[in-house]
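K.L.:
Given chain W's structure and the hints, the job is docking chain L onto it.
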Amino acid sequence: MDRSRLLVWTAVAVICAVPVLSGPVVGVVDLTREPLDGIGDGSATIDAVEAPDTALFDRALSSDSYVLKVPDARIHVASIEGRPLVSYKLSIPAMSYSRATTHFLSPDDTGWVDISLARETFAPDRIDQSTYEANLSLILRVNDTKQTLHDEPITLEVTG
Amino acid sequence: MTETDAVGERDTVAGGASTEGDTANETLGNHFAAVRSVAMRVFVGDRLGLVVFLGTLAFVGLYWRVGIFITDNYTLANALVALADGQLAVEEAVFGPHLETPGMVLHEGAHYGRNYGQIVFALPFLWALEALAVVVDPGLLLPMVWALVLVALGRESGRVLGRPSLGTNVGAVCGLVAFAVNVAVARPLAPRLFPVAALQVSSILATALAVVTLYRLVARMYDRRTGVAAAMVLGLATPVGFWASLPKRHAVVVALVLGVCYALYRSRQSPSPNDLLSPLGFRALAYAIVGLSTWVHGGEAFGIFLALIAVDVPTARSNGVRSLAVVGTVFFVSMIPFFVTNVLISGNPLQPPRVLSAFQYPTSDAATGGSTGSAGSGGFVQSLLDVLPPIVATPVIAVLDRSSVLFGEFVAGTNTLSSDPGRLYRVFVRGGDIHGVSNRNFSQTIYLTVLEAAPIVAGVVAACVAGGVRLWRSVRRVPRSAISRVRFWLKGFGPSPAATVDAFAIAVAVSFVLMYISRLPLHAQLTVRYLLPVYPLAVYGIVRQASLRRAVGAHWRSALWTWAGGVLLGSQLFVVAVAVESLGRGEAVQVHALVGLAVAGAFALLAASSVFTDRFDRATAVVGGLAAALGTDFILLSGLVYFQYGRYALPAAGWVADLLAAA
Chain W
1 MDRSRLLVWT
11 AVAVICAVPV
21 LSGPVVGVVD
31 LTREPLDGIG
41 DGSATIDAVE
51 APDTALFDRA
61 LSSDSYVLKV
71 PDARIHVASI
81 EGRPLVSYKL
91 SIPAMSYSRA
101 TTHFLSPDDT
111 GWVDISLARE
121 TFAPDRIDQS
131 TYEANLSLIL
141 RVNDTKQTLH
151 DEPITLEVTG
Chain L
1 MTETDAVGER
11 DTVAGGASTE
21 GDTANETLGN
31 HFAAVRSVAM
41 RVFVGDRLGL
51 VVFLGTLAFV
61 GLYWRVGIFI
71 TDNYTLANAL
81 VALADGQLAV
91 EEAVFGPHLE
101 TPGMVLHEGA
111 HYGRNYGQIV
121 FALPFLWALE
131 ALAVVVDPGL
141 LLPMVWALVL
151 VALGRESGRV
161 LGRPSLGTNV
171 GAVCGLVAFA
181 VNVAVARPLA
191 PRLFPVAALQ
201 VSSILATALA
211 VVTLYRLVAR
221 MYDRRTGVAA
231 AMVLGLATPV
241 GFWASLPKRH
251 AVVVALVLGV
261 CYALYRSRQS
271 PSPNDLLSPL
281 GFRALAYAIV
291 GLSTWVHGGE
301 AFGIFLALIA
311 VDVPTARSNG
321 VRSLAVVGTV
331 FFVSMIPFFV
341 TNVLISGNPL
351 QPPRVLSAFQ
361 YPTSDAATGG
371 STGSAGSGGF
381 VQSLLDVLPP
391 IVATPVIAVL
401 DRSSVLFGEF
411 VAGTNTLSSD
421 PGRLYRVFVR
431 GGDIHGVSNR
441 NFSQTIYLTV
451 LEAAPIVAGV
461 VAACVAGGVR
471 LWRSVRRVPR
481 SAISRVRFWL
491 KGFGPSPAAT
501 VDAFAIAVAV
511 SFVLMYISRL
521 PLHAQLTVRY
531 LLPVYPLAVY
541 GIVRQASLRR
551 AVGAHWRSAL
561 WTWAGGVLLG
571 SQLFVVAVAV
581 ESLGRGEAVQ
591 VHALVGLAVA
601 GAFALLAASS
611 VFTDRFDRAT
621 AVVGGLAAAL
631 GTDFILLSGL
641 VYFQYGRYAL
651 PAAGWVADLL
661 AAA
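In order, the protein sequences belong to chains W and L. Here the first sequence stands for residues 1 to 160, numbered as in our numbering. Here the second sequence stands for residues 1 to 663, numbered as in our numbering.
Some hints here could point you the wrong way.
Some chain W residues close to chain L (C-beta under 8 Å, calculated; not the full set) [said to hold, decoys possible]: (1) S65; (2) A123; (3) V158.
Covered, in the sense of this in silico footprint (three residues per stretch, anywhere, with C-beta under 8 Å from a C-beta of chain L), are these stretches of chain W [claimed, not checked]: (4) 4 to 12; (5) 54 to 64.
By construction, these hints were calculated from the structure, which means they are not laboratory data. Idealized CB from N, CA, C, for every residue including glycine.
The shape of chain L in the complex, shown without the other chains:
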């Protein structure tokens, strides 16, 4: 309550406008301020969180193209059009040549989409766009919203920095000038693209929420400056920014995963009287977010659920009847939208559209030699079962067969990892020309691995080295049986809130890798989009590493300047290199990949050395800044140069892109 009052006092926009002292007006103003302050606390945490949120929106807007990027997008867009007409069945391919697009399912003669949670989330934005377009020129609608975001960003930044009038003035002028430039080169936007734009708005907002959630988590663990650094790395230097404005589920899933991390952390913190939720409330919230994510993607939600239950139940303060009843009830309620959608489509609340027909999973052609494996048959898992006595194995096999829908992907992933561990190299380190991927990417080598797309992820090596060192020391210090050694080491994790989130982050990352590794590497991934939630978890892992916080904290100016230089000069160098060598699209992407890998290698070495010595801290910060800059360069240049499609939401961005294309 105290915080609410304080915010209400500072924000007198609504109340302050009425100088006559009209009591009715004032009460309304107070209500408005109270609602706004609660909304701010729920969604962005504090004013700096709002700046992070608005900054993400402004950045993503720069390269937002209203249009279809990959064929999967048709499925969502057509399903949204159908839903806006009040029906789940998709009858007409408003977008794309036909309804047989990836992810579309055929059930009893009718087509249905997928990711309904995201589609429903996009629906209000479609209505808003259509309503605004009644009076507003559609071609100027998105520039208008973006310019307003700039104005707000300036105002809020000014307040955070303690220079309110300067921030407000700069924001207003920048907003006006940016808007004027966009109007000068404005082009029409066909209202038939509104469903695509609405899906993109939902995805962009989810990205901004994801970035701000990471800020809030890290700011609670350390301080706000570290939080902002983590948020910037996530939004600017990883492919989360790449997928932000694409009508796909990935950004939404990233936001949900980070939401669970945050709720889990709060559920382990000691409560303070200001909190909106008790620790038990936050624990229930974590499950509620998982429940909602079933509505977006059942399979991924199940992976998150397994990770959550594996970490939460053993480490919870209480697993008493009351706690479990609260958590269970909230979890069940949060899955009601999922159940209802399933009942409406298949008649079975537990059968999501995805499992209705089998054709939607393209398996990787790259699976040469290694068996991709199916549930309960063949591979590593089968050989494990063979060893077990029949009396144990038989029920296990029966359960595996029954639950093959749920566990099939994990079993296949485990089999793939044991039979073909080299697959990890093709997913995380070096991609290049992979048979079965490039030829389905129009003969272009536009597949990037995790490290190639986001060299900053190499910082995770520091966490691995630190963990290894700790394990080794604990083994040396406690010369007892192997089991007690492991137990001792596990105790090192401790019951602290941060350690709980660490364990959850590792569990989710492993679960996503297991879920998808049997199908990767795959075409139309670009930045291994199936593993998009792994990127924020990697950023989290980097931030959790004390030696990296020390290095970047001491030399943050060097890091920031290197990043800025790497973006401003580096992106120009890439453009010039591509133009001079007249590189094709696949080649340009590979230039990013190779440069990225080189910097990632250097950063990995320096990050590892930071665990032992602080002698290279400046170099670590500088190379880290460069690695982040390469991630930003790829986001910007892929948006403005390499992958041009649709209409730019900001006509000025389209104008710049045309100039670059002519170069």
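Same shape as in the complex, but just chain W:
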């Protein structure tokens, strides 16, 4: 058996064996663990927060819709253990709208960490004012406790 044939059969054997070892019958190891295990457990110290005070309803490219663009917030993580959660939430009372994006912090997230809000598109008939008052908050959730990092009003400007 020449070398390249040995290599190819080794590769096939390994590729087929590993899923069986991790499979329901053999189950020596479990290689496919849900990464959400332990989410929200641990601890974190946040010693600084920077959040925007204005955001935009921007006329979308080549359409009449509006894209809500909220700049990223930044938090400074002094120390961290486990997998704490940070949720970034925007609520617009005049539109009965609110949206939150949850970020999973990991143990190597120290120093400044950017927190972004998922972008959403609005039909043109939902925007009828030139500015909106909204509220922007950042909440740290660890071990089923909530700590408000930031909770301030924000002005949304409509452009285009």
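P.N.:
Same frame as chain W, but now just chain L:
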């Protein structure tokens, strides 16, 4: 037989493993090699075809997401679950909130799915997934299969390139490394998603078959290198790749249409002793494929059937009783699964589930002003009938009413085209923000036209220009009556096998456009998926154009490098542009649309000029490569960035997608 023996000699994997000279083992090995070589000839043609096939599988795997993309998918997935339980009626919405999903029909109190041909095709894959999952970790099952595809791809590529051990080694190492990376970031896959995955496997295999069939067709017409180029364009640069891993019928229909093209071509070629089928056999095969496609989608199958019969009957070598009996019998037999399914559901073999209830066809809101038209009433067709004397018109109207189920879509399409020809612009050229489409796409401008989704399609302009030039010259050269001029021009098409396929390709494309134009533009289309079979036919049209073959053939390196650069750098530029401008999803898609249109425009001009001069051949090849790269960019970025749902079949792809999302 000679070819079988030759392949058997080279492939001694099964036989060669037994060195003791065990005769029983050897016979078994020979049988195995023979079966394998026949399977290879039937499905992929030759070894290079196998490479094309495996390459398509490997590419589509990169952005395969196991999950539901649009609500139509619920219908198929729930129907597959029901069928796996041994019944046609769908009783439970295993996927989705309820059973009232697009395409689901209600008949005598029971719900039924659609596209049963595809669902039955997916059934063995569901069984295979469930069987494998008994011993294999479900989360590693798809990475395992993909890594094995890589290993095989390396081995076969090495053999094709004449460097067997290098190819084998590279394939094995790549397969191992890719598998290891996927294991490192592996996540579980819920077995309840297996029905969706099985439908996706069937669709991906159909895509790979479609791509390899185009390769085989073009390789027979010209050479294998041209065939590979055509296959690459189809798989990498058109939305066929986009719909490959989605649980919808479109990829399957594309494979069937290309299958008919191939069978039709072979039926017109002179036979050689090596052939598995005679020309008449291939002619019957073309009809058999149409017959099978009725089982996937009756309406589209009828469109393909009309195109086939219009081209095949006048150009066939013989329409003798024997030929027609063979073709007719095979056609009838191929429709038996369709008839049986219909009998089981509606009791009428000719009534497919789709025509049981009327609510499943959403008509386009974009139909402003123009009448969408219904069979036999109003519009252009009605005005034609008004002109005819009553004695002629009355039977025509009666027939139209009777056959409104079959012809209704074509009549509506003809009416739409005559009353609102601008509709074509919204379907083929520029989409943007269309009233009635964007608002139903969650206010996002995620509708792309044919050219925006696949700028390479602009190359068809060259074929149009060449055809126009030929027509003009023939008109000038033969100054006789108009009818004889047209006849002269039609003769230019000639009775050659390729000309037959040309005519069929045009007929199928026209028939799909007529069938769907009254409903387009429509939401949840993304890349005008109803017209997906038009893309491969456009690629075929480009390949058939001698001036484009000359340009790309002479400068294929430039084209390939531009494509590679356009994919590697271009996709990064798109990601950066979307991140820097913090563009929403609809906006990102429109950036692709506008860049695509610009390049498509340049490519159309250059392709047209290539008919007259070879001075711009290098530029044509370069811009063609760029147009292809934009198609690839859209496939990759829509898969990894813009449209994220479900679980990535390859956990490593999901990991990359998460990184890109965080950017």
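K.L.:
Please name the hints from earlier in the document that this structure breaks, with their numbers sorted from lowest to highest.
P.N.:
3
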